[in-house]
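The task is simple: from the sequences and hints, build the whole structure.
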Amino acid sequence: TFSISNPETATENVQMNSIVIYPNPTQDMLYISGTTPQTLRVYDLQGRLVRTERGTQVHVAELNNGIYLLQIGTQVVRFIKKD
Numbered sequence: 019t020f021s022i023s024n025p026e027t028a029t030e031n032v033q034m035n036s037i038v039i040y041p042n043p044t045q046d047m048l049y050i051s052g053t054t055p056q057t058l059r060v061y062d063l064q065g066r067l068v069r070t071e072r073g074t075q076v077h078v079a080e081l082n083n084g085i086y087l088l089q090i091g092t093q094v095v096r097f098i099k100k101d
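Just so we're aligned, residue 19 is where the sequence shown starts under this note's numbering, counting upward by one.
Keep in mind that the hints were calculated from the coordinates and are not lab data. Fair warning: this is a prediction, and the values are worked out from it, not measured in the lab. Accuracy of the hints is not assured; some may be wrong.
Label pairs and their calculated CB-CB ranges [unchecked claim]: (1) S36 - Q64: 27 to 35 Å; (2) S36 - R66: 23 to 31 Å; (3) Q64 - K100: 17 to 25 Å.
Glycine included, C-beta positions come from ideal geometry on N, C-alpha and C.
Okay, here's the thing in structure tokens:
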């Protein structure tokens, strides 16, 4: 179960404490700044893990258009994947 601690609008860059997620919405790559490289997990809205990467960016080009949740450590943020 996820709780979104910072429900920002999904059409803007999302800032969580000092972590920034951009661009949002995204087409192929989602970048994370303000954190050290770590495990990044992408979940669909049904809670299924659809992608895991380590670092400060996530390649999302092959995901279907829609809303996803990105887990960065203990923080979770929404982002939109669109073509």
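Violated hints, by number in ascending order, as checked against the structure: No hint contradicted; all consistent.
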